[in-house]
Each structure stands twice: as C-alpha cells, then as structure tokens.
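S.K.: Spelled out from the first residue to the last, the chains are:
4 protein chains.
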Amino acid sequence: MFTSDTQIRVRYAETDQMDVVYHGNYAPYFEVGRVEAIRALGFRYKDMEAGGVIMPVVEWTAKFLRPAHYDDLLTVRTILQEMPVDHRIVFHQEVYNEKGKLLTVGRVLLYFMAAETMEKTVMPEPLRQALEKYFVNEK
Amino acid sequence: MFTSDTQIRVRYAETDQMDVVYHGNYAPYFEVGRVEAIRALGFRYKDMEAGGVIMPVVEWTAKFLRPAHYDDLLTVRTILQEMPVDHRIVFHQEVYNEKGKLLTVGRVLLYFMAAETMEKTVMPEPLRQALEKYFVNEK
Amino acid sequence: MFTSDTQIRVRYAETDQMDVVYHGNYAPYFEVGRVEAIRALGFRYKDMEAGGVIMPVVEWTAKFLRPAHYDDLLTVRTILQEMPVDHRIVFHQEVYNEKGKLLTVGRVLLYFMAAETMEKTVMPEPLRQALEKYFVNEK
Amino acid sequence: MFTSDTQIRVRYAETDQMDVVYHGNYAPYFEVGRVEAIRALGFRYKDMEAGGVIMPVVEWTAKFLRPAHYDDLLTVRTILQEMPVDHRIVFHQEVYNEKGKLLTVGRVLLYFMAAETMEKTVMPEPLRQALEKYFVNEK
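Chains as they are written, first to last, in the working numbering: chain A, 435 to 573; chain B, 435 to 573; chain C, 435 to 573; chain D, 435 to 573.
Bound conformation, chain A alone (with noise of 0.2 Å):
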C-alpha cells in the first residue's frame, strides 16, 4: 500500500452560500491529492503528461460526511491499495480537517492514455518501479 498526505487550505472562492466547501470542490482537492503522491514517489505528472501518457478520470466518486470551511487546513490522505493492472489506476481518497475528523472518503479510477492516439496504455516503466517498493511485502 502507498500513502500520500497533502494540505491544502481552504479558500474563500470555494465555500458556497451554505457556508461550507462546494461539493464539486472536492474535484481540484483529490486531484491534489493525486498529482503530491506521484511527486512523493519522485515524478511529476506533468513530465508524464510530456512525456506522452495522459491520466483522464473515469469515475469519481465521493461520500461527504462532514462540511470543511472556510480557511480550514485540510489533509488530503491518498491511497493505491493496489499496484495498478494494465491502463487501469485506482486511488482511494479522504480529506480531513484539523480535528482529524473524516470528512469526505472517495475513489477515482483513472486510465492510462497515450496523448497521441488516445489508446489506453499502461503506467511508465520508472513510476511502476517506484510503487513496486511499497507493495512488495504483501505478496
């Protein structure tokens, strides 16, 4: 299992009249949480996506427990419980507030694409072996 924790805090543009955080906020906050587990494990999605191979989401979804507000400092927890099989990439997702009170718990599936056909392809080489590490004792 590979785990990544990142903050982020909450800005005022994205609470709503409710006064809490957008649910559609969640979006950008997962995508955070993703994109700091790939750097954790020493690559940049961006040099991925240089490099040719693209993420698209294929399914999001989330179950929103408690509201996050305004200004609060978030812990975006980011979990592969699993190495990834063939294009497929599934990540495990919660945010928590400064408490530690769960807030929301998520999973999004995400392909591996190559940019220039649009082909489902698989995780690069290098990023595959920096994962391989953190799964190697629960074979």
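If you are wondering where the hints come from, they were derived from the structure by calculation, not from laboratory data.
Bear in mind that the values here come from a model prediction, so they are computed numbers and not experimental data.
Be careful, since some hints might not be right.
A pair holds if it fits inside one copy or across any two, identical chains being indistinguishable in the list.
Said to hold, decoys possible - Listed below are the simulated DMTMM-like cross-link pairs for lysine to aspartate or glutamate, each with C-alpha atoms no more than 25 Å apart in a straight line:
hint, residue 1, residue 2
1, K497, E516
2, K497, E528
3, K567, E483
4, K533, E470
5, K535, D506
6, K480, E550
7, K497, E470
8, K554, E516
9, K480, E559
10, K533, E483
11, K533, E553
Fit chains B, C and D to the known structure of chain A by using the hints.
M.R.: Same frame as chain A, but now just chains B, C and D:
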C-alpha cells in the same frame, strides 16, 4: 418517473489543458440539472432554502464515458426514478452532446435538512404533491 | 457600436459564504458575454481558434457595484465601442439583474495572437467585415 | 509598506485549453495572497468575519504579462503601499513564477463593511495597530 432536460453551453473556463471539460465541472452541471428539474415542477430550490430546508449533497458518483469540449451545447438529463423516502432523494443524471452521444452518467444522493437545526427532515409537502403525479401510474 | 446581450443563471457553485456571487466568477460571466457577442455576428470563437487565432485576455478590470445572488437571471451586456485596431480588441461589459439594476461594469482587453507562433496578429477578415456594419454610420 | 509572499501550486483544474492558467483564477490566487498577508500580521480574515466585519471586493484589476502553466509553483506577492483610509483598503498584487518572472500585476480595492448592517466601517483596531508598525518610518 420524473425526467427533466436542460441545456448548458461549455465555457472556456471549464476546459483544461487536456482540451476537455475538467471532470470536477460536472458537479455544477449536475447541480444546474437538478435545480432546473425542480423549477420544471413549479418550485425553486432558492425558495426551499429561504423556507428553511436545504439539500446538501451526501454522495456524488459519475462515470465519464466520453469527453465534452469547449462550446459544446450539452443536454443535462435529471431523473427521479422513485419518490424520495424520508430525508433522502436520489437523482440520476446524464449528460449528452449535440450528436446525442452519452458523455457522462451520474448518481447524486442529497438529504433534506432543516437549515436552522441541521437535523434531517423530509421533502416539503407542496413539492411532494407536485412530484407524486409522475409516480401515480407506477404504483 | 456593437452591443450584445446574453443571459446567465447564477449557479450555487458560484456563490460564496457572503451569500453573493464570488467576484472571480465574473471572469467566466464576461467570457460568456464575449463568446455570445461573436456568435451573434455569425462567428464562433471556437472556429477562430481552430483557424489558428487565439484571443488571450491581457487586461481585466471590473467594479462591483451591487452583488448578484444565487439563482438570479443575469443579463451580461457586451459592448464594442470602436473597431479593433491592430492586435487589440477592447470589450466593455455590464451585468444587470432581473430588476435592471447594474451590478458590475468591466473592461477587458484581449489580443489577437497566432496560436502557432504566439505572435500578435489581427482580427480575422470575415469577422472584421461583419463588425464594420455596426460602425459604418459612425465614421 | 507591508509586503507578504505566499506560494501557490497551479492545479490542473485551473488550466484551460490554451494550456495556461485561466485568467479568472487569478481572483482566488490574489485572495489567497491577501488572506496570508493578514495571517502574517497575526490575524485571520476568518476571525474578522466572525467578529462582524467583512471585506467585499469592490474593484479588481489585473494585467496578464506572461502565462502561468500547470504545476508551476507561483509566488503571490501582496503589498499594502499605504495605511487604509476610512473604509477603503487597496492591495497591490504580483504573481511570479519559479524563475522570478513577473506574470501578473493587479490592484484590488476592498471595503470594510459591518456584516449585520452592511454599512461601511473601518479596519478593526488590532489589525490597524499591527499594520502601523510597517508604516511608522515612512511618516
């Protein structure tokens, strides 16, 4: 079953550098669909809120089958497959492009909540009566 | 002078906890106004981009006189006071609510740029011809 | 003069199909800069709002000199050139990329308003005192 269609023109702001609508923007698209569905029943979500009943999103799921592009005129279809029970209401939502291709399907669970106490409540009675007409033959 | 009006319904996502439209959302509102102004002339900004001419925003100014609220049906007025000169085009933009109250006034300067070289260019000739009709009596 | 720097990593959601940060996203970027400037003074905008003073944006201007790109680590500089007078406060804001290039310059005018009455008010006294230290030698 109650179904409502509404149209949304994709804004430049809603695209990302993959040249498609960023997946997080389907949250406001679905929101517009639900709000217009309620308006089609003769009510306004705005008035419901002013009357003390809010509808926070509790679960949000979507599958992104095909991308939407800048300036596409999308049709958002909002479907109530069954009458809401207790404090829960489930919308099924679909997004089509101008060629009639299904781009995105989703399911959104919301709760009826009393704004003042933040306790669960039920659908306001006038809205329930307006909706029941669509389900009467299905009993 | 060329003027074009278009309507925008305020989305919940666009409000903030001050119970008004977040000021940053006037950028997409103005964008919609400009895009619909071009459409009213018989052109599509989308086609201009496909034809290799893009229009990045270079300066953006607004004064927020009165707030817009959730579910308001706004009118965005987009005004070209003079024919574009060289690579520059200046739009004046106004936002009104349903009562006809002026909420926001703005001014947006964009450049015509060749997408491939990122060099300044001029307004595509067919769009210029369509526009000139609106300025001919003013000479 | 009081100056505060804060960093923002560009999100994928904030890009558009021109492969740059959509201009409207500088509104939340500037907002983050102002909020962190206030925090650097030992205060939180959040507490000011809880204390009944809100700061709506009244005028917003920016010049976009160079584009920001996905994953750029931007520095938002927030500058108070003079002590606020009466109900008005003017921030100058600058955005730099990692190479130190100036991307965007802006000016934002906000009012201090009493949330309850929506009447103009003045900067809360403790914040004024914290700020005055930065202007004392300039008198």
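S.K.: Each hint should be assessed against the structure and marked as holding or not.
M.R.: Now the hints, each set against the structure:
1. With identical chains, the CA atoms of K497 and E516 are at most 25 Å apart both within one copy (21 Å) and between copies (21 Å).
2. Taking CA atoms no more than 25 Å apart as the test, K497 paired with E528 passes in both settings, with 10 Å inside one copy and 20 Å between copies.
3. In the homo-oligomer, the alpha carbons of K567 and E483 lie at most 25 Å apart inside one protomer (23 Å), although the nearest pairing across protomers, at 46 Å, exceeds that limit.
4. In this assembly of identical chains, the alpha carbons of K533 and E470 lie at most 25 Å apart whether taken from the same copy (22 Å) or from different copies (21 Å).
5. Proximity of K535 and D506 under a CA criterion of 25 Å is satisfied intra-copy only: 12 Å inside one chain copy versus 31 Å between copies.
6. For the homomeric pair K480 and E550, the shortest alpha-carbon distances inside one copy (16 Å) and between copies (22 Å) are both at most 25 Å.
7. Taking identical chains as interchangeable, the C-alpha atoms of K497 and E470 lie at most 25 Å apart whether they share a chain (22 Å) or sit on different chains (24 Å).
8. For a Cα distance limit of 25 Å, the shortest separation of K554 from E516 inside one copy, 19 Å, qualifies, whereas the shortest one across copies, 37 Å, does not.
9. Taking the shortest Cα distances, K480 and E559 sit within 25 Å of each other inside one copy (16 Å), while across copies they are farther apart (37 Å).
10. In this homomeric assembly, K533 and E483 come within 25 Å of each other (Cα to Cα) only across copies, at 21 Å, whereas the closest approach inside a single copy is 36 Å.
11. Taking CA atoms no more than 25 Å apart as the test, K533 paired with E553 passes between copies only; the shortest distance there is 23 Å, against 44 Å inside one copy.
Consistency note: the structure conflicts with none of the earlier hints.
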